[in-house]
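Visitor: The primary structure of each chain is shown beneath.
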Amino acid sequence: MRSLSLNILILCCLPYYAIAENININVVDNANKALPDMVVYLQPEDDISLPFNEQIVEVGQFDRSFTPYISVMQLGNKVIFKNKDDITHHIYSPIGDNKFSFKINAGESQIKRDFQQTGEVAMGCNIHDWMSGYLLIVDTPLFGKTNENGMLDLPMPPAGKYQLIVWHPQLDATNNRVYQSIDLSEQKQVTIKIDNKILKISEQKNQEDFDFLSDY
Amino acid sequence: MKSLQTKIFLFFVLLLLLVQAIALWTIVEGNKSQERQEITNRLSTAKTIFNAQFNSRRDYLTAFAETAAKDYGIKQVFEDELRSLLVAMNNHRKRIDADLAMAISAKGMVTAQLVLGKNQAGESKVKQGSEREQAFRFPHWLESQEQSHLYVLGDSVYQISLSPMNVGAKTIGWLAFGFEINQELAQHFLDITQLHTDFAIKVGDEWRLIASSNATAQLDFTKQVVNGETPNDYIAIGHLVDEAGQLQLALAMYGLRADIVAVLQEQWWQFLILTFITLLLSLSVAYIIAASITKPVKQLVKQAKIVASGDYHQTVNVNDSSELGQLANEFNAMQSAVLSREKAITHRANHDPLTDLPNRSVLKTALQNLAERKQAFTVFHLNLSRLKDVNETLGHDVGDWLIKAAALRLSTLDEFQLLCHIGADEFVLLAEINEHSSSELLVSRIHQVLEDNCEYQGINLQLQVRIGIASVPEHCHDTKSVLQMADTALHHSHKVSQLVQVYHQGLDVNSVERLNLINDLKDAIIDDQLELHFQPKLDLSTGIVTHVEALVRWRHPTLGMVPPDNFIHIAEQTGQINALTHWVFINSLKQYKAWCEVGLNISVAVNISAENLKSPDFYEFICQSVDKHQVPADKVTLEVTESAVVDDPEAAIAILQQFKDRGMRISIDDYGTGYSSLAQLKQLPVHELKIDKSFVQRLCEDEDDRIIVRSTIELAHNMGLSVVAEGIEDEFALNWLAKNKCELAQGYFISRPKPAKELTTWLLEKKVYAFE
Chain A
1 MRSLSLNILI LCCLPYYAIA ENININVVDN ANKALPDMVV YLQPEDDISL PFNEQIVEVG
61 QFDRSFTPYI SVMQLGNKVI FKNKDDITHH IYSPIGDNKF SFKINAGESQ IKRDFQQTGE
121 VAMGCNIHDW MSGYLLIVDT PLFGKTNENG MLDLPMPPAG KYQLIVWHPQ LDATNNRVYQ
181 SIDLSEQKQV TIKIDNKILK ISEQKNQEDF DFLSDY
Chain B
1 MKSLQTKIFL FFVLLLLLVQ AIALWTIVEG NKSQERQEIT NRLSTAKTIF NAQFNSRRDY
61 LTAFAETAAK DYGIKQVFED ELRSLLVAMN NHRKRIDADL AMAISAKGMV TAQLVLGKNQ
121 AGESKVKQGS EREQAFRFPH WLESQEQSHL YVLGDSVYQI SLSPMNVGAK TIGWLAFGFE
181 INQELAQHFL DITQLHTDFA IKVGDEWRLI ASSNATAQLD FTKQVVNGET PNDYIAIGHL
241 VDEAGQLQLA LAMYGLRADI VAVLQEQWWQ FLILTFITLL LSLSVAYIIA ASITKPVKQL
301 VKQAKIVASG DYHQTVNVND SSELGQLANE FNAMQSAVLS REKAITHRAN HDPLTDLPNR
361 SVLKTALQNL AERKQAFTVF HLNLSRLKDV NETLGHDVGD WLIKAAALRL STLDEFQLLC
421 HIGADEFVLL AEINEHSSSE LLVSRIHQVL EDNCEYQGIN LQLQVRIGIA SVPEHCHDTK
481 SVLQMADTAL HHSHKVSQLV QVYHQGLDVN SVERLNLIND LKDAIIDDQL ELHFQPKLDL
541 STGIVTHVEA LVRWRHPTLG MVPPDNFIHI AEQTGQINAL THWVFINSLK QYKAWCEVGL
601 NISVAVNISA ENLKSPDFYE FICQSVDKHQ VPADKVTLEV TESAVVDDPE AAIAILQQFK
661 DRGMRISIDD YGTGYSSLAQ LKQLPVHELK IDKSFVQRLC EDEDDRIIVR STIELAHNMG
721 LSVVAEGIED EFALNWLAKN KCELAQGYFI SRPKPAKELT TWLLEKKVYA FE
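Read top to bottom, the protein sequences are chains A and B.
Sequential numbering from 1 applies to the first sequence in our numbering.
Sequential numbering from 1 applies to the second sequence in our numbering.
Mixed in with the good hints there might be a few duds.
Stated by the list, open to error - Straight-line C-alpha distance at most 25 Å; calculated SDA-like pairs for lysine to any residue:
(1) A:K99 x B:A106
(2) A:K33 x A:I194
(3) B:K70 x A:P169
As the list claims (entries may be wrong) - A short, non-exhaustive set of chain B residues, derived as facing chain A with CB atoms under 10 Å:
(4) K70
(5) Y72
(6) Q76
(7) F78
(8) E79
(9) L82
(10) N166
(11) V167
(12) K170
(13) G173
(14) E426
(15) L430
Stated by the list, open to error - Per label pair, the in silico range of CB-to-CB distance:
(16) A:I48 x B:K94: 52 to 62 Å
(17) B:S130 x A:Q163: 41 to 51 Å
(18) B:Y72 x A:I48: 36 to 46 Å
(19) B:A63 x A:D97: 43 to 53 Å
(20) B:S130 x A:D97: 28 to 38 Å
Treat the hints as calculated values from the structure; they're not laboratory data.
Glycine included, C-beta positions come from ideal geometry on N, C-alpha and C.
Modelling step: build the complete structure from the supplied sequences, incorporating the hints.
Guide: So, in structure tokens, the structure goes:
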């Protein structure tokens with residue numbers, strides 16, 4: 001029910017967004033160094049209705065790793081798990097509200113559209129232990145990931161107060177999130193300084209030198 | 001007694017004891033250090049084993065926890081219902097028989113806990129722990145890299161390992177598995193190390209004993225060991241496992257020292273017994289060695305004693321090639337050397353070195369043997385004449401050679417039982433007396449072998465001997481005396497210039513009787529035992545007796561008449577000669593006066609001794625006596641032997657000169673037997689010479705004597721001296737002397753010496769001699 005109403009909302013606002021300006025968000029650390037690959041999303045504090053962000057999120061498995069490492073989607077989006085390797089993966093997430101588990105044969109895809117809850121979905125592969133991927137499900141169409149310059153452009157939403165949230169699975173903060181309120185009627189350029197550390201991101205590589213087979 | 005054997009044995013004993021002591025000490029020390037080493041090794045090994053096992057458990061737990069945390073099955077049910085999670089966890093727990101299994105959520109809550117405990121029946125039973133739904137007490141462990149920890153739960157302590165459960169890089173929780181540190185573990189260590197193991201923990205400040213293999217374990221004891229102390233009678237090692245300062249697990253491993261060293265102790269006893277046996281054996285061997293070394297030494301000692309006692313004929317036999325055997329051989333060699341040397345010494349002691357003939361000591365022994373056998377025998381004492389001359393003129397070598405020649409010739413005589421060389425030129429021959437031999441025959445044999453002259457480098461040497469002879473039992477009975485007698489006889493033969501003299505009592509001026517005479521002589525003068533005899537001197541020109549010679553006689557109360565030769569010599573030697581001469585002189589003067597009274601005018605001659613001349617008041621006495629008795633000095637003749645003047649010619653000449661000056665007549669007695677030095681005669685203030693009777697006695701048959709006497713008379717006359725001849729025993733001599741102008745004659749042919757009374761009668765009756 002709720003997703004249906006959001007869909008309607010997104011459809012209504014689309015022309016507005018199309019012509020609207022972008023809001024530029026810059027995420028830096030306390031040394032003003034750009035933080036890339038940070039999930040940033042805006043959540044309106046006022047009663048602002050926003051149109052549904054109709055897009056398909058692709059969570060690939062390539063070269064025995066999740067590509068991208070972090071994906072973000074609006075609740076209700078369709079997710080395509082695409083196995084680009086020549087080996088079977090067994091993708092699963094055993095905790096939280098969005099538990100799932102399935103195998104994808106080499107070169108095949110699996111579409112999943114039944115995530116019911118917002119929140120973080122930590123994913124692993126039961127065959128390749130080191131593979132690690134995150135899918136953040138948000139309840140807003142205003143989301144994205146910073147580029148290598150820590151920059152993210154989002155279409156300017158209607159003016160009002162928003163909660164700007166920065167998330168990263170290794171962000172050393174409560175719920176791995178940093179919050180900041182912004183008034184979008186005034187600013188179009190937002191810079192967020194993250195004081196919290198980004199913890200070490202474990203590399204999606206086989207820790208053991210498992211060399212006796214090249215294709216596994 | 002400290003014999004050599006004892007010494008050697010003692011030495012061995014000490015040496016062996018020392019060696020054994022050193023060995024014992026070494027082994028004791030070795031054992032001690034071995035024991036220490038063994039204990040140290042054992043303890044450190046036990047500690048190492050503990051650490052290894054403890055770490056191995058830890059690593060095992062860690063590996064297992066990691067494996068379990070990756071299990072997809074458990075991940076799937078991790079957030080699901082509790083029962084599924086508990087079953088899954090228990091399945092894992094059973095695989096390693098862990099005592100504790102825990103699941104901790106990402107939020108740090110203990111979501112599931114399984115504890116292996118025991119029910120009342122003692123069976124192992126798994127039940128849920130008490131900490132479910134509680135926050136994990138050590139949240140910092142979750143962040144830590146360190147996965148292994150000590151975990152206290154209730155009364156139990158666990159060794160646990162935590163492992164995160166990841167989904168990719170996302171940690172969704174932790175799994176922990178643990179082994180309890182319990183009595184079973186302690187027992188396990190006891191089994192491996194043979195050491196009791198106590199476990200204690202320190203929570204806060206309080207120590208708690210949690211497990212032990214020892215049923216009677218005490219916390220205090222454990223703490224003591226952990227603090228590094230070793231309780232008495234124990235070996236022990238302590239160890240602390242720190243748990244990040246919060247918790248300390250202490251380990252004490254220990255055992256009774258006695259149990260550990262029991263094996264060593266047993267070896268000890270064996271060793272001591274072995275040592276004792278070895279010592280006994282080696283002491284026995286030492287005793288045998290000592291005995292075997294000293295046995296030959298003892299033999300040598302015994303032999304030395306035998307040799308010392310004078311027995312040289314036993315040899316010592318040591319069957320031993322060692323130094324002792326050599327010593328025994330040397331000993332035997334020495335013994336024979338000593339024997340031969342002793343023989344040589346004995347030979348030298350009994351033989352003359354020059355002639356190698358038996359010497360005086362052999363002679364004595366031989367005499368003794370003869371005396372013991374009561375064998376009659378004769379001793380011939382020989383003296384080589386003129387050896388002194390040979391020595392002086394030709395040297396002692398020739399003298400010795402001559403003695404040897406004589407010895408050689410004498411030794412060819414087999415009529416004698418023994419030939420001895422008893423002095424430089426003296427030999428003694430012994431002959432047993434039997435009916436076939438006589439002294440005369442034997443003497444002639446002696447002379448016979450010595451008859452031929454010896455030729456020494458072209459010089460003819462005559463071997464002439466004088467012989468003194470004495471016999472047992474003819475002359476005496478003891479062997480000592482017979483030698484003395486032979487010697488006396490020999491001596492006498494010198495005096496009388498004879499070649500052979502058989503002993504007779506008259507010769508013996510040194511007899512025991514003579515000693516008695518010495519004492520008796522004093523009394524003789526006082527007791528009037530002396531008598532004066534007078535021998536007339538015939539005036540050959542007138543044929544009447546004009547002179548007499550006074551001769552003293554001693555009528556001994558017990559010995560009878562003693563010849564003057566015997567006692568005058570004694571008187572001279574004992575200082576009584578003056579008294580004697582005085583007596584003779586006074587009585588001669590008295591007799592002169594007596595004769596004067598009967599109308600006889602007879603000059604009196606008195607013999608004067610050399611001793612008289614030495615007496616300082618002799619001259620005074622003579623003069624006073626002459627004056628006193630009113631005798632004309634020229635009626636007194638003093639007869640002095642030539643030898644009396646020899647000792648001190650100047651003094652003698654002086655006193656004689658005095659007498660001459662006084663008017664008395666001086667006569668040289670025994671002229672021709674002494675030196676008859678014409679030089680001295682020239683000096684002597686004398687009136688007459690008295691030719692010795694030896695020249696006169698044989699005037700009849702001996703042409704030489706006639707020449708001598710005639711020459712002497714002529715010589716005397718030429719020197720203004722008158723001549724007296726004594727020893728006239730036949731008419732020829734008397735006539736011959738008268739014809740040759742000899743002034744006075746004296747002798748048996750005229751008259752023997754007679755007592756004054758008898759002579760007075762003879763003088764008064766005597767006709768005048770008429771000469772042819």
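Visitor: Please go over all the hints and tell whether each is borne out by the structure.
Guide: Structure-based check of each hint:
no.	hint	in the structure
1	A:K99 x B:A106	holds (16 Å)
2	A:K33 x A:I194	holds (10 Å)
3	B:K70 x A:P169	holds (20 Å)
4	K70	holds (6 Å)
5	Y72	holds (5 Å)
6	Q76	holds (5 Å)
7	F78	holds (6 Å)
8	E79	holds (5 Å)
9	L82	violated (15 Å)
10	N166	holds (7 Å)
11	V167	holds (4 Å)
12	K170	holds (4 Å)
13	G173	holds (8 Å)
14	E426	violated (140 Å)
15	L430	violated (141 Å)
16	A:I48 x B:K94: 52 to 62 Å	holds (58 Å)
17	B:S130 x A:Q163: 41 to 51 Å	holds (43 Å)
18	B:Y72 x A:I48: 36 to 46 Å	holds (43 Å)
19	B:A63 x A:D97: 43 to 53 Å	violated (33 Å)
20	B:S130 x A:D97: 28 to 38 Å	holds (31 Å)
Checked against the numbered hints above, the structure breaks hints 9, 14, 15 and 19 and satisfies the rest.
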